[in-house]
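Given the sequences, and given the hints that come with them, work out the whole structure.
Protein chains: 2
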Amino acid sequence: MSPKVSQEHLKQRRAKILAAATEVFTEQGYERTTMKHVMEAAGVSRGGLYHYFSNKEDLYEAILEDNLLREHTSTQNILEKKVDSYWELLLKVLFGEEMNPNDEMDALAPSNLEFFITGRQDERRRAYGQKRYQLGLKIYRDILQAGQDKGEFSKKYKSDILARTIIAFIDGLALEDAILPKEEVKLKEQSIMLIDYLKMALEVKV
Amino acid sequence: MSPKVSQEHLKQRRAKILAAATEVFTEQGYERTTMKHVMEAAGVSRGGLYHYFSNKEDLYEAILEDNLLREHTSTQNILEKKVDSYWELLLKVLFGEEMNPNDEMDALAPSNLEFFITGRQDERRRAYGQKRYQLGLKIYRDILQAGQDKGEFSKKYKSDILARTIIAFIDGLALEDAILPKEEVKLKEQSIMLIDYLKMALEVKV
DNA sequence: CATTATAACGACACTCGTGTCGTTTTATCA
DNA sequence: TGATAAAACGACACGAGTGTCGTTATAATG
Numbered sequence: 001m002s003p004k005v006s007q008e009h010l011k012q013r014r015a016k017i018l019a020a021a022t023e024v025f026t027e028q029g030y031e032r033t034t035m036k037h038v039m040e041a042a043g044v045s046r047g048g049l050y051h052y053f054s055n056k057e058d059l060y061e062a063i064l065e066d067n068l069l070r071e072h073t074s075t076q077n078i079l080e081k082k083v084d085s086y087w088e089l090l091l092k093v094l095f096g097e098e099m100n101p102n103d104e105m106d107a108l109a110p111s112n113l114e115f116f117i118t119g120r121q122d123e124r125r126r127a128y129g130q131k132r133y134q135l136g137l138k139i140y141r142d143i144l145q146a147g148q149d150k151g152e153f154s155k156k157y158k159s160d161i162l163a164r165t166i167i168a169f170i171d172g173l174a175l176e177d178a179i180l181p182k183e184e185v186k187l188k189e190q191s192i193m194l195i196d197y198l199k200m201a202l203e204v205k206v
Numbered sequence: 001m002s003p004k005v006s007q008e009h010l011k012q013r014r015a016k017i018l019a020a021a022t023e024v025f026t027e028q029g030y031e032r033t034t035m036k037h038v039m040e041a042a043g044v045s046r047g048g049l050y051h052y053f054s055n056k057e058d059l060y061e062a063i064l065e066d067n068l069l070r071e072h073t074s075t076q077n078i079l080e081k082k083v084d085s086y087w088e089l090l091l092k093v094l095f096g097e098e099m100n101p102n103d104e105m106d107a108l109a110p111s112n113l114e115f116f117i118t119g120r121q122d123e124r125r126r127a128y129g130q131k132r133y134q135l136g137l138k139i140y141r142d143i144l145q146a147g148q149d150k151g152e153f154s155k156k157y158k159s160d161i162l163a164r165t166i167i168a169f170i171d172g173l174a175l176e177d178a179i180l181p182k183e184e185v186k187l188k189e190q191s192i193m194l195i196d197y198l199k200m201a202l203e204v205k206v
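Chain order of the listed sequences is A and B. Under our numbering, the first residue of the first sequence carries the number 1, and numbering increases by one thereafter. Under our numbering, the first residue of the second sequence carries the number 1, and numbering increases by one thereafter.
The hints are simulated quantities; they were obtained by calculation from the structure and are not laboratory data.
You can't tell identical chains apart in this list, so a pair holds if it fits in one copy or across any two.
Quick list of in silico lysine-lysine cross-link-like pairs, PhoX-like style, CA-CA up to 20 Å:
1) K155 with K199
2) K82 with K92
3) K131 with K182
4) K156 with K199
5) K186 with K138
6) K156 with K186
7) K156 with K205
8) K199 with K158
9) K186 with K158
10) K138 with K150
11) K150 with K199
12) K158 with K188
13) K131 with K186
14) K188 with K92
15) K199 with K92
16) K16 with K36
17) K138 with K182
18) K92 with K205
19) K188 with K156
20) K138 with K155
Next up, the structure:
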């Protein structure tokens with residue numbers, strides 16, 4: 001279908017593979033999916049797939065990068081808009097524009113956990129996880145710090161450690177969402193507890 | 001070395017395998033360890049190993065059960081002792097007899113996460129994880145509930161949801177401990193935040 | 001000491017996933 | 001309408017891990 005084809009065609013084919021792969025990873029998880037699964041889902045031959053991605057790890061990292069970029073622009077969008085308060089900003093970054101915790105979790109989250117946990121012995125993967133952690137940490141820390149600087153938030157706790165607890169809690173929820181049946185996790189209620197915790201720690205009155 | 005041997009000998013050999021396996025799993029994680037690793041670590045032949053455990057999953061579950069039992073008696077021990085308050089009890093269950101958060105995490109925790117996350121698609125494994133979650137949940141919920149009943153804790157939040165947030169937070173810490181470099185996790189500081197959170201939510205004054 | 005039940009052994013066959021590589025197909029351009 | 005560059009294909013060889021099974025060694029028993 002294409003030799004010496006346009007960059008556009010290459011991009012599309014790559015995107016097609018990524019989309020199919022995302023579906024498979026979502027459904028099967030990282031470890032269980034094989035390149036064969038992806039080939040079949042994407043309607044591509046073995047050789048074709050390896051032409052774009054040199055192995056499963058490479059493929060998955062491409063998906064991660066894609067998503068990271070998407071998420072980044074999304075939060076950047078929120079950060080640039082005018083908001084009434086840093087508290088509002090924090091809630092929007094945490095729960096989206098509607099500022100409302102819901103029972104949905106990123107469908108790829110379980111697979112992501114798998115990817116980083118099973119790969120924790122691998123130098124490269126470890127560094128990558130670390131980098132992503134720092135990225136997330138910075139977002140929360142900056143908001144908290146700014147709020148404290150402006151006097152909107154209490155300075156009782158350091159923004160750094162507070163930001164870390166936010167992430168730890170969310171990670172915990174993601175983990176449970178991955179393992180436990182949906183009804184059991186009570187994502188929404190637990191998220192509300194997170195908000196109350198932050199309210200208390202930041203001494204926000206709303 | 002032993003045909004038609006005493007129950008004692010069988011137990012010892014089994015224990016020896018379990019101990020060796022625990023070491024390997026701790027070091028390599030669940031997915032990476034192979035039965036061959038265990039054979040070598042335990043100084044047992046392939047046939048010998050399979051004589052005691054029919055596969056890796058079976059082996060790992062045996063370890064889990066062993067540990068669960070150990071932990072159970074340990075907390076049961078704490079629960080039976082007289083304590084001044086439910087707050088004290090809660091702290092002891094959370095951080096041990098010294099009631100002091102430290103930077104150590106169960107060495108097998110990362111492997112456990114792996115076991116349950118990668119096996120989340122498996123009916124059996126899922127049910128097992130669920131069962132263990134309920135066990136942990138019950139411990140915290142009961143203490144919180146008792147404290148509330150006695151008037152020591154505020155009834156502002158339901159004991160059930162509160163207990164769940166405790167677990168979520170701890171799970172999050174375990175996850176980060178598994179993935180991130182030790183220095184990065186700040187286990188101790190985050191644990192102190194957990195305590196403060198609980199103080200606030202339960203309106204405990206200490 | 002002979003017998004016996006079985007613990008322990010280790011070679012083997014089988015499965016599954018991977019990555020490669022020579023071949024085929026087909027857009028593009030002269 | 002060739003010529004050609006490279007995209008796409010799929011057969012293949014390889015390695016790794018598994019579980020089995022026939023054999024061997026040995027502790028218990030009489």
